[in-house]
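A.B. asks: For the protein sequence lines, the chains are A and B, in the order given. Be aware that the first sequence starts at 1, since it is given in the UniProt record's numbering, and climbs by one per residue. Be aware that the second sequence starts at 1, since it is given in the UniProt record's numbering, and climbs by one per residue.
Hint data in this document are derived by calculation from the structure and do not stem from the laboratory. Any given hint could be a false lead.
One copy or two, it doesn't matter: identical chains are merged, so the pair holds either way.
Unchecked claim - Quick list of in silico lysine to any residue cross-link-like pairs, SDA-like style, CA-CA up to 20 Å:
| # | residue 1 | residue 2 |
| --- | --- | --- |
| 1 | Lys5 | Ile261 |
| 2 | Lys457 | Val279 |
| 3 | Lys77 | Gly297 |
| 4 | Lys251 | Ala181 |
| 5 | Lys366 | Thr163 |
Number of protein chains: 2
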Amino acid sequence: MTTIKIFDTTLRDGEQSPGVNLNNLEKLEIAKQLERLGVDVMEAGFPASSQGDFDAVKKIADTISSSTVAALARANKHDIDRAWDAIKGAEKPRIHVFIATSPIHMQDKLKKTPEEVIDIAVNMVSYAKSKCDDIEFSAEDASRSELPFLADIIEKVITAGATVINLPDTVGYTTPKEYGAMFKYMKAHVKNIDQVDLSTHCHDDLGMALINSIAGVENGATQVEGTINGIGERAGNVALEEMAVTFEIRKDFYPFETNLILNEIKRTSDIISKLTGMVVPGNKSVVGRNAFAHESGIHQDGVLKNAQTYEIITPELVGVTSNSLVLGKHSGRHAFKDKIKQLGFSLDDDKTAVAFDQFKQLTDRKKEVTDDDLFVILMDVQTDIKARLQYQLKNFKVEYNSSTSPTATVSLITPGLNTIEGQGTGNGSVEALYNTIEELIEEEIQLTDFTLSSVGKGKDALAEVHVSMTVDSQPVSGRATAQDVLEASLNAFINAINRVFIIQVAEKE
Amino acid sequence: MTTIKIFDTTLRDGEQSPGVNLNNLEKLEIAKQLERLGVDVMEAGFPASSQGDFDAVKKIADTISSSTVAALARANKHDIDRAWDAIKGAEKPRIHVFIATSPIHMQDKLKKTPEEVIDIAVNMVSYAKSKCDDIEFSAEDASRSELPFLADIIEKVITAGATVINLPDTVGYTTPKEYGAMFKYMKAHVKNIDQVDLSTHCHDDLGMALINSIAGVENGATQVEGTINGIGERAGNVALEEMAVTFEIRKDFYPFETNLILNEIKRTSDIISKLTGMVVPGNKSVVGRNAFAHESGIHQDGVLKNAQTYEIITPELVGVTSNSLVLGKHSGRHAFKDKIKQLGFSLDDDKTAVAFDQFKQLTDRKKEVTDDDLFVILMDVQTDIKARLQYQLKNFKVEYNSSTSPTATVSLITPGLNTIEGQGTGNGSVEALYNTIEELIEEEIQLTDFTLSSVGKGKDALAEVHVSMTVDSQPVSGRATAQDVLEASLNAFINAINRVFIIQVAEKE
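Here chain A stands alone, though its shape is the one from the complex:
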């Protein structure tokens, strides 16, 4: 068995998914879970792209110890300096330098000759190497590059100090045979290739990210880049959980394994789905909620007779547990703390107190408090969804009557601790709420997306709302969970607005 290193780029390529805007605490929480999942490398961000990204990468680098923390940089000194400044505190830092190598990208985007591109790549890898031992070089759009040129530039950047060579299928265009052949070619034609890890990076535009990655591995790649849930630019990256589970289930066929802790997969998938607002569809391989469900009578009959008739992956393998009932009205703080640990959270005393309060409030109103419910509470508290509020909701009222327009009344506490109140109407009750709050605050708001889903089953399930909007032309998203759809809708809206303030403050600092 060859162990394939897992390079997770959920926080960089995944975070580039349209509509995804994670704050730094959310990124940190994802990073901690990725470490628990056992990723060998996590790409924490692109520090030169914004101050917010820099701060997030630094915070992650300073926190994570067992995984390598990588930062992306274009092939220029400024980007490399910013990347290094962000990650130099990490136990295992890596600078990830990239430049495009395909004719179309060099001509039309970079407007450079191939010789110029080689010079830049070699110089910038050397420059990065003067700061950091572990340097990954990516030949962007490798799958549309000319093989001899690619071999040439790779050999030279390895000589310049690169420790990992990544050959991305940037546009998701390749097929397994072509992608595998590229790796085979490099193994045969680059004389110092055995000094480095070769890496795949595949996009799913044609639905082949997984098999292309496997083809790379079968032809010499020892690192696979991807994301959890397959999020990322356009159709996304390869879903790492699919690769790891395929290698596990088909170890009779594929002589590869990864260091991922497979029963952390479901939890990781849930956290990333909730925090990014990127829904995992029911029919998603490995982590979709139907993946282990058997609907037709024929299948159910078969599974009862012998599960293996229709089930090749057990739910337990990837950490899916039946939604156990936990803790009730009479549970005390001690039992609550035990449960927090069991669910894998590590909260400080203040946050534990806040979470316990919220749990108690919920037990007053909901008969069955499930692990799912607790997970939402703990995640909200951990990522400080309420603690850093600028605008705070004091109270609100909605009157809906099918024969007239809905009316909303909202009281807010402003950042200056004044109470402001307004009333408004709309064609729907959420619109009435949003109209009212827009009148109350000064920012220019455009709502671009609104989704609401239930957490768990039954009519007393929690409502989880995710909104995307632009506030003064800046894209931002917000989320909130409550037992009432109107309350969750209103809080998600306020949460999004508050995030703009947090970003603005961070950029001034």
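Assemble the complex: chain A is given as a structure, and chain B must be docked to it using the hints.
C.D. replies: Okay, now just chain B, sitting in the frame of chain A:
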């Protein structure tokens, strides 16, 4: 170029997705769209499984003319009789007989010897052939069957009259090399194999449904079975739109094509997603809404300089149009009828009148009525979501105040045309509504899932609610669209209850 036949099983395997319960009008609407998309064969259902399924298959068989309509049957006379009765009115009927051929399925599920399985298969194919010229035979769990046995049974069922042989990867366990090798083996060892179409049927449990299907095609398969959006049992089937687009985009590499009208893909995907309630994730290949979005600054810059730097599929290819503004307050019936045609709907006069009324109501309340909005109205009218109501909503009221419990008042008109009214509370406003209505009607209801999404952008977007529940232990789903989340929630609930009545009436008839 070899033309590969597309066998769509959205209405059979896709409809087996947990939580999906389509009524007959919805199935018919999907069937009509599949015909427009140009599928060679559509599997309309499994007539022996229930009277409802039988009726749906019959209605589809009687309506569709250019695609073959197939009906599934286990290898027994009763199933085959039911299948034939349902499809005999079709222009191009096909009976699809299956029996399992893997050791585990034969021993543990069927409890038959291999010889018995061959006898049954041959006899039942002959029996089906006595009714229908076009007979497909599926060797269930073929990918875990022994190759010589599989070759033996195939040869015999071809002699018995099968015209299509399907070799499914029922549990989604295979890899492209193994699956391709199976087809190659059959081409080499079954002497009458060239008399039939060989078919793939792949599930996505390990994320390899697409590449496995392609491997089958590369080794002699001339038919591919799958679904739109890849819905289906567990992780679903191969997504047919991904296969068709891959063959189009990579025709330089793959010498295959399909008869699908590619620019009908998006519309087909939308219809199926809306009617099944199976959400298409943003990062889904080909049809996800991010598939053509470019988020990072680097990518945006590249696309502006030359779209092909990062874009290999144009939105237009698959029928994605920018969300054009259409029709306003002052648009008349004539313009509205033109628009209906343009959107691909064919409504009778009564339904046109209902749709026009709803459109007018919407223009009173919503500044910009988009194609998306109209699509929802037309689809609701076309699938009779309101016309067949048993319980009808008269009016309702909700009062929400953050300091007390929400209160709901609901008036319903019963199937006997009486008005009943009730009041109730809950921990959330939707719960209050649902509690109230549950008190008003007699059935035993368990809500199992609730999702709400916005149609289009902005705070005056329509709210689309999809609920799944059991009513007197019978699983059913409902959906509704309205400009208010509470109204949509209530109507979806009532819609689900009414569907139970429709099913009960259909079963009595």
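A.B. asks: All hints, please: hold or fail.
C.D. replies: The hints, checked one at a time:
1. In this assembly of identical chains, Lys5 and Ile261 lie within 20 Å of each other by CA distance solely inside one copy; the values are 13 Å within and 42 Å between copies.
2. Proximity of Lys457 to Val279 under the C-alpha cut-off of 20 Å is found in both arrangements, the shortest distances being 17 Å within a copy and 18 Å between copies.
3. Taking the closest pair of Cα atoms, Lys77 and Gly297 come within 20 Å of each other only across two copies (19 Å); inside a single copy the shortest separation is 63 Å, beyond that limit.
4. In this assembly of identical chains, Lys251 and Ala181 lie within 20 Å of each other by CA distance solely across copies; the values are 19 Å between and 23 Å within a copy.
5. For the identical chains of this complex, Lys366 and Thr163 are neighbours neither inside a copy (54 Å) nor across copies (58 Å), given an alpha-carbon limit of 20 Å.
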